[in-house]
Amino acid sequence: MEYTQLGRAGVKVSRIVLGTMNFGPETEEADAHAIMDRALELGVNFFDTANVYGRDRKGWTEEIIGRWFAARPEARDQVVLATKVYGAMSEGVNDRGLSAYSIRAQVEASLKRLQTDRIDLYQFHHVDRSVRWEEIWEAVEVLVAQGKVVYSGSSNFAGWMIARANEQAAKRGGFGLVSEQSIYSLVNRHIELEVIPASQQYGLGVIPWSPLAGGLLGGVLAKAAETGRRASAHMAARIEEHRPALEAYEALAAAKGVAPAVLGLAWVLRQPGVTGPIIGPRTMSQLEDAVAALDVELTDEDLKTLDEHFPGPGGAAPRRTPGR
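Each residue of the sequence shown is one higher than the one before, counting from 1485 in the numbering used here.
I should point out that these hints are in silico values taken from the structure, not numbers from a laboratory. Be aware that one or more of the hints could be misleading.
[Unchecked claim] Only pairs whose alpha carbons sit at most 35 Å apart, straight line, appear in this in silico DSBU-like list of lysine-lysine:
1. Lys-1632 - Lys-1655
2. Lys-1740 - Lys-1655
3. Lys-1707 - Lys-1788
4. Lys-1632 - Lys-1596
5. Lys-1740 - Lys-1788
6. Lys-1707 - Lys-1655
7. Lys-1707 - Lys-1740
8. Lys-1632 - Lys-1707
9. Lys-1707 - Lys-1542
10. Lys-1542 - Lys-1496
11. Lys-1788 - Lys-1542
12. Lys-1596 - Lys-1788
13. Lys-1707 - Lys-1596
14. Lys-1596 - Lys-1655
15. Lys-1496 - Lys-1655
[Claimed, not checked] Computed beta-carbon distance windows for the label pairs:
16. Asp-1784 - Ala-1554: 34 to 42 Å
17. Ala-1559 - Thr-1767: 15 to 23 Å
18. Ala-1572 - Met-1719: 23 to 31 Å
19. Glu-1725 - Thr-1488: 27 to 35 Å
20. Asp-1521 - Glu-1619: 34 to 42 Å
21. Gly-1494 - Val-1577: 22 to 30 Å
22. Thr-1488 - Gln-1770: 18 to 26 Å
23. Ala-1735 - Arg-1492: 22 to 30 Å
24. Gly-1494 - Arg-1541: 32 to 40 Å
25. Arg-1727 - Pro-1557: 21 to 29 Å
From the three backbone atoms N, C-alpha and C, an ideal C-beta is built for every residue, glycine too.
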């Protein structure tokens, strides 16, 4: 396993992040616990969840993780535990968002479900335009002083939102955000314009979610050829939109002797500013395949080929390649 610092924070985290969104709705509890056991064995020490995970049963995923910690109390200090706040947890008018009222209530609820005394990385799942940063940071400062939160991060923020949040934290003498979770893959590279540059400027580690573009980079063409199964209408449309690029991508994976999903993760791991991609394994084999991406060497020619077929915006805004 490879480790790196989480942005400018001193804590060391694995370069593969265990995403848990499938635990409960897609992966039964016993299997989820086995995946977490194996993740620790493989050196994965960065676990990510959210209070809303569990689909129709919000909080379910945190409960599954909490029971895993309760059965393995020694594991808690081996894991850098991240969760999120923002989404509606009920029909209650204040049971959502980033007001100080909501943040304090949701921290207590997550701590109870997770069966822990602290959240190592507490992330704002989305920006809340109705709440001033003075209120948000005041609530976080209280939680840090109480020992219930160690670091703060963001998710789905624009570059200017990262700047605004950290400038306001600096005015208060606070540490501010140390990480940003954004959608990022070969298929979706828009964060290269402003989010990655802003994160690097302010010392945030970038944690890509959906690094395989919702399965599009997981070998869809090869799987269809092997099984003869038809994709959903939505996925079929995406495949046709990107078919020439996907053909080249899967050919490169075959030439390098790796699974397409492993190649996609290896590319993300090579990108500037990236701490590590979030993987959401439903099975043990998916976890082990993801960890294998750390051993894939991509040559300059490989990267050039991928850029040609999945072009990014051409660099950071406003300096970028004309026409991109």
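- request: Against the structure, test the hints numbered earlier, and report the numbers of the ones violated in rising order.
  value: 2, 6, 8, 11, 12, 13, 16, 21, 23, 25
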